[in-house]
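These are the residues of each chain, in order.
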Amino acid sequence: MLVLTCVPAFLVLLILVGLFVRARPILAEKPFFSLLFSSSWSPLKGNFGLFPFIMGTLWVTLVSLVLAVPVSLLSAVYLSEYAPRAVREFTKPIIDLLAGLPSVIYGVWGVLLVVPLVGRVIAPFFGVTSSGYTVLAGGIVLAIMIFPTIISVSLEVFSSIPYPMREASLSLGTTKWETVQHVVLKKGLQGIIAAIVLGLSRAFGETMAVLMVVGNIPRLPRSVFDGGYPLPALIANNYGEMMSVPLYDAALMLAAAVLLLVVLFFNVLARLILVRVERRAA
Amino acid sequence: MKKLLGGIISLALFSMLAVPVPPAAQELSGTITLSGAWALYPMAVKWGEEFSRLHPKVRVEVQAGGAGKGIADALAGVVDLGMVSREIHPVEVEKGAFAIAVVKDGVVPTISEKNPVLDRILNSGLKKEAFIAIWITETAKTWGDALGIADKTALHVYTRSDACGAAETWAAFLEKRQEDLKGIGVYGDPGVAEAVRRDRLGIGFNNINYAYDAKTLKPLSGIVILPIDLDGSGKIEPAESVYGDRDAITAAIAKGVYPSPPARDLYLVSKGRPQSPLLVEFLRWVLNDGQKFVSETGYIGLSPEKLADGWRKIEGR
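Quick note, the sequences are listed as chains P and L, same order. Residue numbers for the first sequence follow my numbering, beginning at 1 and rising by one. Residue numbers for the second sequence follow my numbering, beginning at 1 and rising by one.
No lab work stands behind these hints, which were simulated from the structure alone. The structure presented is a predicted model; accordingly, all values stated were derived computationally and were not measured. Think of the CB as a built atom: it goes at the ideal place given N, C-alpha and C, for glycine as much as any other residue. Mixed in with the good hints there might be a few duds.
[Unchecked claim] Heads up, incomplete: computed chain P residues facing chain L, CB under 8 Å, no partners named:
hint	residue
1	LEU27
2	ALA28
3	LEU44
4	SER131
5	ASN237
6	ASN238
[Unchecked claim] Within a straight-line C-alpha distance of at most 20 Å, the following computed EDC-like cross-link-like pairs (lysine to aspartate or glutamate) qualify:
hint	chain 1	residue 1	chain 2	residue 2
7	P	LYS45	L	GLU179
8	L	LYS95	P	ASP96
9	P	LYS45	L	GLU175
[Stated by the list, open to error] These stretches of chain L come out as covered by chain P in the derived footprint (C-beta under 8 Å, 3 or more residues):
hint	stretch
10	48–55
11	156–162
12	193–200
13	219–233
Work the whole structure out from these sequences, hints included.
Here you go:
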């Protein structure tokens, strides 16, 4: 059983090592950090700067979190503390269903609805002309994809908070909202962070839905109305050219390794925050 | 349990005995798998249908995903034939890519029918230099820049995000490679058509079979084919106006009026010279009887010499 438990732990390490081994040809020619922080991407000329893609990933993910976290936390609070039982019972399965939809569906829906919305309504509102294929469109689609994850995990967390704690707070004369602030959210903080990290992990890796709406321009985005090009989209789009351009496969393997490192970094960061929160609670 | 196992084994033995009884009376059977270029997809589907009609025990499975995927899948041995809609790179030939030209088609620039300066564009067309200013140097930021008039209507440039023949061929027309094409990358040929249809300021490029409707033979509703000013006169003369319907453009490509690139040969690629009798027969049929279906599916046939060359190559002569 111990061995079995070790398998997944080693698997991550194994994948990372494997990716770096396959990426060695390019690392032998160019130093790792120059690849990481160079913005010029033209494989045929031998330039493999990954920086625009790393920033593309971070931008899209950040936008999606900014949009998703407040909305999903508030709706989780509403569903768990305020909503009548019938509403909650009715909503939960729908949210779970959303979590299970294939990402291509979100992508198609994004192209049909979100892209024109950004291009025709949101961008002109801010005085920008845009085709709609933007970081913002990617962020919106992604936010909608991670809503269900954050909501349903937060709901579980809130329901695990003992009811007497709320009653104690209310009996001291607090309003319901104050109880939510000082008891529910405070006690559930760890769980909320875990929920956000789960959403974050999905956001980093999401490929198809984002690829379809984000514009795929290998350039540093300067605003949310610019096109971006996240790492997973780079790998998916160019997998086909791997065979025909020297060093291309190594560069894509490196991109995959970098993506894995970014995800690991944020997971470790979240773990550290969790540990700190736990210690403060104790 | 033992009984069941015994049953299974005896059944397996029995079926092993049973299968080779008719010594494959020259009837072809099996599955042929193809993947790759969107450009070749409708043709391959048609060929697949007709070929399985002739040989009912043969199944032809076709999957689209861009020329790059086609060649990668073929070289990796995932499929029997890759569909490739661009020239084969030397690196790919080194890795064993064995390409047979099977048919011809073209890439055309597309815009929305709601374009605010549509009349002007249809009247004067765009020169190759204007396309270079739009896709490569990005010096044309408005439709006025592209047309050489004072007009400040913004211009939205679309290209393909997936590694594909259409983009590679369009870039070849502009004397560059796909990675040099700037603009918003959209996935797939239908994706670009849809983006251009919805964006009245947009410009993109499509394979003929995704720019024209297969039933009406007219350009897809909402899409207008942008005429290329081939002689650089600043005006589209009747001789240059070859975009009315699919038959007109295929005729123009066949006659060489529409240049190559953006017209180009389409290839089926296998890993090494095809050996299996099924695959060889399929390719033989494609190069001979299969050519009957070329024009009705919206492609341009190759010259008899080129087809014969292909067959000689397969036979290893």
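Holds or violated: SER131 of chain P as interface residue toward chain L, Cβ cutoff 8 Å? holds (4 Å)
Straight-line Cα separation of LYS45 of chain P and GLU175 of chain L no greater than 20 Å? holds (15 Å)
Would the pair LYS95 of chain L and ASP96 of chain P pass a check requiring their Cα atoms to be no farther apart than 20 Å? violated (47 Å)
For the pair supplied as a hint, LYS45 of chain P and GLU179 of chain L, is the alpha-carbon distance within the 20 Å limit? holds (10 Å)
Does the stretch 156–162 of chain L contain three or more residues whose Cβ lies closer than 8 Å to a Cβ of chain P? Holds, because 4 residues of the stretch 156–162 of chain L bring their Cβ atoms closer than 8 Å to Cβ atoms of chain P.
Does LEU44 of chain P pass the interface hint, meaning its C-beta sits closer than 8 Å to a C-beta of chain L? Constraint on LEU44 of chain P satisfied, holds at 6 Å.
Three-residue Cβ test at 8 Å for the coverage of the stretch 48–55 of chain L by chain P: n = 0 at 8 Å, threshold three: violated.
Minimum beta-carbon distance criterion (8 Å), ALA28 of chain P to chain L: violated (19 Å)
Against chain L, with CB atoms and a cut of 8 Å, does the hint on ASN238 of chain P hold up? holds (6 Å)
Examine the stretch 193–200 of chain L for residues whose CB is less than 8 Å from any CB of chain P, and state whether their number is three or more. Holds, because 4 residues of the stretch 193–200 of chain L bring their Cβ atoms closer than 8 Å to Cβ atoms of chain P.
Can you verify the interface hint for LEU27 of chain P: is its Cβ closer than 8 Å to any Cβ in chain L? violated (21 Å)
Coverage criterion applied to the stretch 219–233 of chain L (partner chain P; beta-carbon cut 8 Å; 3 residues): With 0 residues in contact (Cβ-Cβ under 8 Å with chain P), the coverage given for the stretch 219–233 of chain L is violated.
Hint compliance for this structure: hints 1, 2, 8, 10, 13 are not met, and every other hint is.
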